[in-house]
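Here the protein sequences come in this chain order: A and B.
Reminder that position 193 of the first sequence reads as 193 in our numbering, one-by-one numbering, no gaps.
Heads up: take any position in the second sequence, counting from 1, add 1000, and you land on our numbering.
Among the hints, erroneous ones may be present.
Claimed, not checked - What the simulated footprint calls covered on chain A by chain B, stretch by stretch (three residues with Cβ under 8 Å from a Cβ of chain B suffice, anywhere in the stretch; the number is not a length):
hint : segment
1    : 13-25
2    : 70-79
3    : 99-111
As the list claims (entries may be wrong) - To list a few chain A residues with every Cβ distance to chain B over 10 Å, as calculated:
hint : residue
4    : R8
5    : F36
6    : A41
7    : L85
8    : A86
9    : R132
10   : L136
11   : R140
12   : R141
13   : T154
14   : R156
15   : L168
16   : N170
17   : L177
18   : F192
19   : L206
As the list claims (entries may be wrong) - Mimicking DSSO-like on lysine-lysine, the simulated pairs with C-alpha atoms at most 30 Å apart in a straight line are:
hint : chain 1 : residue 1 : chain 2 : residue 2
20   : B       : K1396     : A       : K106
21   : A       : K106      : B       : K1512
22   : B       : K1515     : B       : K1636
23   : A       : K106      : B       : K1606
24   : B       : K1612     : A       : K106
25   : A       : K171      : A       : K106
26   : B       : K1512     : B       : K1636
27   : A       : K106      : B       : K1515
Keep in mind that the hints were calculated from the coordinates and are not lab data.
Remember, predicted model here, so these are calculated numbers, not experimental data.
Ideal Cβ placement from N, Cα and C applies to all residues, glycine included.
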Amino acid sequence: MQPVIDARIFIVDDDASVREALAWLLRSRRLHSQVFDSAEAFQQQLESAPGAAPEQPCCLLLDVRMPGLSGLALFDWLIERQLQLAMPVIFLTGHADVPTAVDAVKRGAFDFCEKPFSGNVLVDRVEQALARSDSLLQARRHAAKVRERQTELTERERDVMRLVVAGLPNKLIADRLDISIRTVEVHRSRVFDKMEVASAVELANLLRDWQG
Amino acid sequence: MTQESQAQSENAGTLKGLLPAERSPSTVRRRTLWSALVALVAALLAMLVWLAGIYEANQVQARLERDVAEAVGDVRAVFAHNAQGLQALQYSHPTPNAWMIDAGTLLREHREILRVEWRDSALQLQAHVDTPFRVPAFDRQGRSDVQSEVVAACANARRFSGPAYASSYFMPMADGLGLEVMEFCLPLQSGANVTGYLIASYALRDVLEGSLTRPMTQNYQISFTEGDGTRLAVFGSIGRGSRIFTARQLMNLPGTSMVLRMDSWRATPDLFPNVLTALVTAMSIALVSVLALLGKDMRRRFKAEHDLADMLAFRKAMEDSLVTGLRARDLQGRTTYVNPAFCQMVGFSAEELLGHSGSAPYWPPESGEEYRQRQLIRQAGNLPPREGYESVFMRKDGSRFPVLVIEAPLINAQGVQSGWMSALLDISEQRRVEELSRAGLERLQATARLATVGEMASLLSHELNQPLAVISGYAAGSLNLLRADPQGAGPIGSEVRLALQRIAEQAERAGKVIKSVHDYVRRRDQVREAVAPQALLDAILPLVHLQARQLSVRVRAEVETGTPCVQCDRTMVEQVLLNLARNAMQAMDSPTILERSLLIGVRAAKTNGTGKKWVEFSVTDLGEGIGPEVQQQLFKPFFTTKAEGMGLGLSLCRTVVEQHGGALEFAANSPHGTVFTFTLPAAGVA
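Chain A with its partners taken away, still in its complex shape:
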C-alpha cells in the first residue's frame, strides 16, 4: 500500500476516528495523506514549510466545524495567501453546514462533501482535485520555464521574437528593425535554440500558453 502518485493530501478534522478512517480510505486507493487535528496545527505546518507555494499536487480535506479556528476561517486564511487554487479545498460538512459550504464553493473552494460520504465518491473528488492541482502546478512550472528562457534572450533577439510571433516574414522584420535579412535569420535561429522550439508556430503556442 505505497502511494503511487506523488501527491500530498491534508486532512483537517477534530474527530480522530474520522481522520483515521479518511486516511485509511485514501490509502486503500494508494493516496498518501497527512492528518491534522485542528486548523491551527495545519497553519503551523504551512508556515514552518520552507516555500510558501506547494511543489507537488496537493489537496485539503477540511472539516467545517471545529473548535478553535473553524474550517471557514482557515479557508479565508488560505485565500489571503492565494493558496486556494494550488491547494484545492474540499469541505467536509454535516447537514447543518450545507449553506455555508455552498457559499464557500462560490468563493473558490473546490467542492464540499456531506457526511456521511459514500465511499469512493469522496476519493474520486480528491483525485479530481489533485488533477486540478497538478495541472495548475504544471502550468506554473511551464510559465516559469518560459520566463526563464526569455531572460536568456538578448534585447535584439527579443525584438525579433516578438515580430516572428506576430507572423512577419524575415524581410519585413529586417526592414522594421533596419538590419539585414541575414542578421534576422541568425537571431531567429538563436531564438529558436534558446526557447527550445523548432518552428515559429511552436514558439507562438509556447508564449500563448505562458501568457494565458
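Given chain A, put chain B in place with the hints provided.
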C-alpha cells in the same frame, strides 16, 4: 353618560355661565346704591349738625333773654332799694349836719352812688355828701355843668309825683378816664307840697358791678345803652368769638329810656358746638363706618360665594372629566357617591347605584359572596392594600371587566372616618395589552424551544454523522483493498465484499434518515429578510428588561447611526441576541458584582476584503469573565456552567451565525467581563 349626569353637567354649565355675566350690571347698581347712601348719610349728617346748631343758638338766646330779664330785675331792685334808703334819710326831718352823717353812712354802703344832695324846693343845695370811694369829681369840675340834668330829673319827679331819673351824661375824670353818670331825683313831699329834693348821682358802671351776680358778669358783657344803641356803661368779660348773641331789655326807669343789653358769644372754630351735635356726628360716623364695614363684609361674602361657586364648578367639571371612577361608601357599606366616570364604567345611572347596601348592582352574581366578605373585613377596620387590589365588576349588560380598586379611608373635617373612598380604574385595555405582550413572549419562547430542538437535531445529526462517516469510510476502503487484492476474488472474498457493501449501504441509509429529520426541523432555515438592527433589538428588549429588573441590571442598547439593515432569519437572530443577553446578565448575577450593566451594541463592521458588508453585533457584560478551561469547551454542545442549562445556547448561537455566513467570537472585556461579538451580512449587497 346617563341622563342624570348629563343634567348635572348642564347645571354646572349654566351656573358657570351665569356668574360672570351677572357681575357687571350688578356692580354698576351696587355702586349707584352705595353713592346714594353715602350722599344721603352726608346730607343727613349736615342737616343734623345744622339743626343742632340752630337749636343750640335758640337755647343760648333763650337763656340770654332769661338772664337779661333777671339782670333788669336786679338792677331795678338796686335802684328801688337805694330810693328807699334815700327816702329813709328824710324820715326824722333831720338837720343838714345830721343828714350828712346818715347820707355818709348810706354812701359807704352803696358804692354806686357818687353823691347825694339835699336841695330845697327851689333846687338850692342844702347839704351834700360825696362818696368816700372816689375823688370827689364835682369839686373839681363844679356842679353847675350838670345843673340841666338835675333840673330835668327833678322836673320829671315833679311831673310823676315820685322819684325820677334823668338821661345820663359823661363826666371826665382826672385820670383821663370818665364816668357815665345818671342823676336821680327824689321829691320830698309834705302833704301835697314838694318841700325839697334828694338828688343822687349814680355811676352807671358801678350800678352794674354792684347789682349783678358774679356768674352773670363772667359769662356776659352787660351794658347800659341808649334807645338808639349807644353804649353808656359796659361791664363783664370781653369775648373773642365772632358769634355774638344779644338780648336787650328796657330798664323802664321813670324819666329815662335806658336799655340793658347783654352780649353772649361763641368761638368760631368750634366744629361741634355742643354735645348733641357731637353725639349726632359721632353716631353718624359710626353708622357710616358700620355700613362701610357691612358693605365690605358683604363684598367679601359675595366674593367668597363667587369663588366657592367657581371652585364648585371647577370641581364638578374635574370630576366629570375624570376617567377614573370614584365611589364613596359610608361605614355601613352604602354607596353615597359615584362620579360620572364610574357610572359610565359600569353602565348604571347614579340613582341605581346610590344608597345600595349589601351587594351592589355591579357585582357579578357569582362573586357577590366573596365581595361581601371583603367588605365585612374592611368594615372591621382592616386597611386595604395601598397599591390597590384587582377585582372584577359587571356592566349593566352583564359583561365582566377587570378593575383596579384603590381604596382609602374617608376622613371628614372632624378627623373621624366617615366611610371609604375608592378610585377605580378599568384595566381591561391594560389586560389586553398584557395579553398581547404575553403572546409575544410566548411566541419568542416557542421559537426558543423550536430553535433548541433544531439545534439538538443538528448536533445529533453531526454527532451521528461522524461515526457513520467513519463506518462508510472503512467499508469503502475495505472494498477498494479487496478489489485490488487478487485473493479477494475468491468465494470468501465475494462474501466479505457483499457484507461490506451492505455496511456501506446501511451507513448511507442511516445518514439519509438523519438528514430527513434534520431537514424537517430546519425547514425554515432559508427564510432571509432585510431587518433593521433596531427592530431586532426592539423585539427582544422587553424580555431582556424583564429579566434585567429581576437581576437589577442596567440595560443599554446602542445602534450606531448609519448601520445598514441585516439580511437574516429574523426569528433565529432574535434568539441569538436573547441567548447572549441572558448569558451576559447571568454572568453578572453574583453578589460580588456591584456594577451591573449590559450593553448591546450594533455597528457596521470593517470589511474583510471580500467586498461584502457586515454588521457587527456585540453583547458586553461586566461579569467575572470566562476562565481558560471553560473557554476551551465554550461552544461544545451540551457543555454548560449553569445548573439548569442544557448547554445548547451558545452552540445554537454559533450555528445560527455561521448559517448566515458570519462568525461568533468572544473576548475579555476590560476591566472585567466578556464581549460576545457576531457578524451578520448587511442587506442589499449579497
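Structure-based check of all given hints:
With a cut-off of 8 Å between beta carbons, the segment 13-25 of chain A has 8 residues touching chain B; three or more are needed, and the interface restraint holds. Chain B is given as covering the segment 70-79 of chain A, and this holds because 4 residues of the stretch bring a CB closer than 8 Å to a CB of that chain, at least three being needed. Given a C-beta distance limit of less than 8 Å, the hint that chain B covers the segment 99-111 of chain A holds, as 4 residues qualify and 3 suffice. Listed as a non-interface residue, R8/A keeps its Cβ farther than 10 Å from every Cβ of chain B; the least gap is roughly 19 Å.
Against the 10 Å criterion, F36/A stays outside the reach of chain B, whose nearest CB is about 17 Å from its own CB. Look at A41/A: its CB is around 15 Å from the nearest CB on chain B, clear of 10 Å, so calling it non-interface holds up. For L85/A, the shortest C-beta to C-beta distance to chain B comes to about 16 Å, beyond the 10 Å cut-off, and the non-interface label holds. Interface exclusion of A86/A from chain B stands, the closest Cβ pair being 20 Å apart, more than 10 Å.
In this structure R132/A is separated from chain B by more than 10 Å, as the shortest Cβ-Cβ distance comes to about 22 Å. Every CB of chain B is more than 10 Å from the CB of L136/A (nearest about 22 Å), matching its label as outside the interface. Against chain B, the non-interface label of R140/A holds: every CB pair exceeds 10 Å, the least being about 24 Å. At roughly 29 Å from the closest C-beta of chain B, the C-beta of R141/A stays outside 10 Å, upholding its exclusion from the interface.
Even its closest Cβ contact with chain B, about 42 Å, leaves T154/A beyond 10 Å, as expected for a residue assigned away from the interface. Against chain B, the non-interface label of R156/A holds: every CB pair exceeds 10 Å, the least being about 44 Å. Once the 10 Å rule is applied to beta carbons, L168/A is consistent with being away from chain B; the minimum gap is 44 Å. Consistency note on N170/A: stated as away from chain B, and its beta-carbon is indeed over 10 Å from all of that chain's, at 51 Å minimum.
Under the 10 Å C-beta cut-off, the non-interface status given to L177/A relative to chain B holds; the minimum distance is some 46 Å. A cut-off of 10 Å between C-beta atoms confirms that F192/A is not in contact with chain B; the least separation is 45 Å. Consistency note on L206/A: stated as away from chain B, and its beta-carbon is indeed over 10 Å from all of that chain's, at 35 Å minimum. A distance of roughly 70 Å separates the Cα atoms of K1396/B and K106/A; the hinted pair therefore is violated under the 30 Å criterion.
Between K106/A and K1512/B, the direct Cα distance comes to roughly 25 Å. Compliance with the 30 Å bound is thereby established for this hinted pair. Distance hint between K1515/B and K1636/B is fulfilled; the C-alpha atoms sit about 21 Å from each other, no more than 30 Å. Among the hinted pairs, K106/A with K1606/B is consistent with the structure: their alpha-carbon atoms are about 22 Å apart, no more than 30 Å. A C-alpha spacing of about 13 Å is found between K1612/B and K106/A, which places the hinted pair at or below 30 Å, so the restraint holds.
Taking the CA atoms of K171/A and K106/A, the gap is about 52 Å. The hint is violated against a cut of 30 Å. Simply put, K1512/B and K1636/B have alpha-carbon atoms about 25 Å apart, close enough for the 30 Å limit, and the pair holds. Only pairs whose Cα atoms come within 30 Å are accepted, and K106/A paired with K1515/B is accepted, the gap being roughly 23 Å.
Of the numbered hints listed earlier, those contradicted by the structure are 20 and 25.
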